[in-house]
Structures are given as structure tokens and as C-alpha cells.
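**Q** Sequence:
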Amino acid sequence: MSYEMRRVIIFTHNFAAMRDFYRDMFGLQVVEEDDGWADMAAGGCHIAIHAAGKGAPSADGTGPHKIVFHADDVAAACEDLVSRAAKMGPVKVFGDLHLCDGDDPGGNRFQLSNRP
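Take the sequence shown: its letters are residues 1 to 116, numbered as in the numbering used here.
Worth double-checking, as some hints may not be accurate.
To be verified - Cross-link-like lysine to aspartate or glutamate pairs, in silico, EDC-like; alpha carbons within 16 Å at most:
1) K92 with D73
2) K92 with E79
3) K66 with D104
4) K66 with D101
5) K66 with D20
6) K87 with D104
Simulated from the structure, these hints should not be mistaken for lab results.
Using the sequences and the hints given, assemble the complete structure.
**A** Printed below as a string of C-alpha cells:
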């Protein structure tokens, strides 16, 4: 199984300012926007701005950034990584969106996602 980095998520308590900064300063096109989420095309990878709420990522190894790898089948990808000793959480399903977070050896959070 191969994995392709798809996006970097930046968590923030100032969503509008961060979205506007990356959109206006770098000319990034917002390709998807929802309440507290803006996904922007940035060449071969996307930058996503995510509004941080309670329990928001902090300097304890869970943020403020998250590298996201694409997998068509998130459950199978999660099983593959677990079989190779990766520390993975449960697969979360939000309609057609499937996500699974894991931690690297340094405690940094990464994610598997089927989001295009």
C-alpha cells in the first residue's frame, strides 16, 4: 500500500484571519469551505485551516499542525499501519468522510483520510 501526502491542517483560534492570510498573501484558491474549515489548493498539496475549539491541538504533540495522507480505504490503510506497529486510533466516519488519526514516534499527530 502506498500513501500520498494530501494536506497539512493548521488549527487556529482565529479562523477568518488565517483563511484570509493564506488566500490573500499566497493566492491560494479555497476549494472547499464549511463552518470552521477552509481547504485551499497549494500546488501538489492542500493547506486546510481548521477552527480550533475546546480540546484544540496544543504544544503537547497533538498540534497545531497535522499531516494528512490520502487513502481510498481508510480502514484498510489503518490496519496496514497497525500491522507495522503504528499507533492508530479508531476510524471515524462522517457520512462519506472517513478519518483515522495516529501518532508518530515523536508524538506528532498525523491522519489518514479519504477526502479528495
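**Q** Each hint: holds or not?
**A** Evaluated hints:
Taken as a hint, the K92 and D73 pair is honoured in the structure, with Cα atoms around 12 Å apart against an allowance of 16 Å. Restraint check: the Cα-Cα separation between K92 and E79 comes to about 14 Å, which is no more than 16 Å; the hinted pair holds. With a C-alpha separation of about 11 Å, the suggested pairing of K66 with D104 holds against the 16 Å cut-off. This hinted pair checks out: K66 and D101 have alpha carbons roughly 9 Å apart, not beyond 16 Å.
Restraint check for K66 and D20: the C-alpha separation of about 20 Å exceeds 16 Å, so the hint is violated. Restraint check: the Cα-Cα separation between K87 and D104 comes to about 7 Å, which is no more than 16 Å; the hinted pair holds.
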